[in-house]
Amino acid sequence: MTMLGYQNKVLRINLTDKTTSTEPLRMDFAEKFVGSKGLVIRYMYEDLEPGIDPLGPDNKLYLTTGPLTGTPVPCSGKLSIAAKSPATGTMNDCSVGGHVGIRLKYAGYDMVVFEGKLDEPGYVVIDNDEISFHSAADLWGMGSHAAEKKLADQYGLEYSVLSIGPAGENLNIMSCINCDYYRQAGRGGIGAVMGSKNMKAILVRGTGSVKVHDIEKTTDRIIEILRNDVVNDDNQFIFDDGTTAFLEACNDGGILPFKNFSDTTDEKWTEYNGEVLSKYREGKRGCGSCGLGCGNFLKIGDAICEGPEYETISVAGPNAGNRDPEKIVKFNEVCDDMGLDTISAGDTIIWAMEMTERGDHDFGIRFGEADKMIEYVKLMARNEGVGADLALGTKKAAEKFGGLDIAMQVKGLEYPQYEPRGSWGMALSYAVSDRGACHMRSYAANAEVFEASIDPYTAEGKGQLVYDLGEFNAIKFSLCICDFWGTIDYAIMSELLTMVTGKEWTEEDMSRVGRNVINIARAFNQREGFNRTHDTVPKRVVRDALSNGPAAGQVMTQEDFESMLDQYYEVLGWNKDGTMPEELIQSLL
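So the sequence shown is residues 11 to 599, counted in the numbering used here.
Quick caveat, the hints were computed from the structure, so don't treat them as lab data. Check before you lean on any hint, since a few could be wrong.
Claimed, not checked - Calculated cross-link-like contacts (lysine to aspartate or glutamate; reagent style DMTMM-like; alpha-carbon spacing at most 25 Å): (1) Lys-269 with Asp-63; (2) Lys-127 with Glu-56; (3) Lys-278 with Glu-379; (4) Lys-28 with Asp-148; (5) Lys-410 with Glu-56; (6) Lys-294 with Asp-251; (7) Lys-309 with Asp-381; (8) Lys-309 with Asp-334; (9) Lys-406 with Asp-63; (10) Lys-586 with Glu-572; (11) Lys-549 with Asp-399; (12) Lys-19 with Asp-139; (13) Lys-221 with Glu-277.
Turn these sequences into a full structure, and let the hints guide you.
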């Protein structure tokens, strides 16, 4: 069986012997998991043996599209990049924008799988059905920006470039993969997996097409949805401000973290907010098929980046004791160029700041030392000096030097920038996320703080809340729909998928697929040995009350947290120890 919208082709590239092969897409997988996030996790479950070294040749690197990729469906141009994580040992799927997903689909593939390892640094060019291998001897050691520019100058702008910086080359477990200069597949050390395969870059050009059911009717309806549900007042802030708009909402809601999550809110947040940053805006950009255009090019002094996003503003700003917007943008620029995740790199450095100030271990850096923070990024990327210790990440560094109580991480992945004592659901979201602490799986802060539709300071009902939000995002991301289309719902999702594929999909199907995706990710992790003991909350969160903001004085106890875990497992039909019944796992396969 095949469906329209898919290319019905998987490309496997064996880097060890430099050969390629193609195979039909597993449509039985697509029926249960659709595409992108869900589809690739199912393939990982099939392909990867339990217990493999994430940085060994047996791990694979997956690039995966969805059935809507390459169509005019708004906000559908993202690409999933996945592998077993060297940071956590869990499955890890990342999402990246730009144009590479569409070009990969136009090249004729639903998925590309990189296997094995090149015998020396190189890069791979995917030009429709022509696959070629090239030396990267002159690129190895370069920052990602310089490497991409050199490749763009050589091949032209018809090619999208995925690249790693020195961090990925040095197998840093916080390293990311860059795309189109300023977009990142950021979390879980996905760049280290690419580096472990000796790949500096992947270039993609596609000149084909995607077939959909009844193209005229489908296109007309997509345009109608774009005008009515995407380009509207509810989503306008994404174009105007990007995620800098979250800074005010998080500060007012008491979830903007301050000095390594030791407190929250910053009375001087207006010194580096979106209004300030917008004065330095020099351009706008959107991903392929996007109707929102969240990208902002900024230049402040010699600091240049696209962004910065809320997460980076927070981790390099108030969480680091810094209020200089130029230093925030420079931190962003250097992390991108070195190929480091701003969240994990930033969290690790601010942990070191607090360790120094508490007298636990002198890492030579204190809160407010923004210039030194930027220099530490370079040291971490190159595994030099103090950077070699911080390159371990907060969990492993804390196991070595102490300070695990203030290491803000779950499963070895550092916390995003939403203070969970002001949004208890976020503590649960971070704990049960399939790749370690992640805000992209279930964004409870929206319901608890921004919409204020549920009490943020209670465990009651949080298991169901976090599940519902997680189910929604699981199908949304399996369709390759960008998170910023905030008004989409199951009705629109099912209508779009029906129109594109020619197969009837219902709202109930969207819910079913979302649940399947959560479960297959858990099944992968369970096979790797994960259970309730790994769904944790940092000691600081359940020990120390906040002093400032709306959540001042609130205490979430360990019992509250365990209650939320119990609720979540019950909703999903998992065992009390966080494992899945065998019959549930078998139903997914």
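Lys-410 paired with Glu-56 [C-alpha distance capped at 25 Å]
violated, 35 Å
Given the proposed pairing of Lys-309 with Asp-381, does the C-alpha separation stay at or below 25 Å?
holds, 17 Å
Regarding the pair Lys-294 and Asp-251, is the alpha-carbon distance no greater than 25 Å?
Holds. Lys-294 to Asp-251 sits at ~11 Å (cutoff 25 Å).
Between the alpha carbons of Lys-127 and Glu-56, is the straight-line distance 25 Å or under?
holds, 20 Å
What's the verdict on Lys-309 and Asp-334, does the C-alpha distance respect the 25 Å limit or exceed it?
holds, 14 Å
Taken at face value, is the distance from the CA of Asp-139 to the CA of Lys-19 at most 25 Å?
holds, 11 Å
Within a Cα-Cα threshold of 25 Å, do Lys-269 and Asp-63 meet the stated pairing?
Distance ~35 Å between Lys-269 and Asp-63 Cα, so the pair is violated.
Take the C-alpha atoms of Lys-406 and Asp-63, compute the straight-line distance between them, and say whether it is at most 25 Å.
holds, 17 Å
Check the hint pairing Lys-278 with Glu-379 against an upper bound of 25 Å on the C-alpha distance.
Since the Cα atoms of Lys-278 and Glu-379 sit roughly 17 Å apart, the hinted pair holds (cutoff 25 Å).
Run the distance test for Lys-586 versus Glu-572: straight-line Cα separation, threshold 25 Å.
Distance of about 10 Å is within 25 Å: holds.
Does Glu-277 sit within 25 Å of Lys-221, going by the straight-line distance between their CA atoms?
At roughly 53 Å apart (the allowed maximum being 25 Å), Glu-277 and Lys-221 break the hint.
Is Lys-28 within 25 Å of Asp-148, Cα to Cα?
holds, 20 Å
Checked against the numbered hints given earlier, this structure breaks hints 1, 5, 13; the rest are met.
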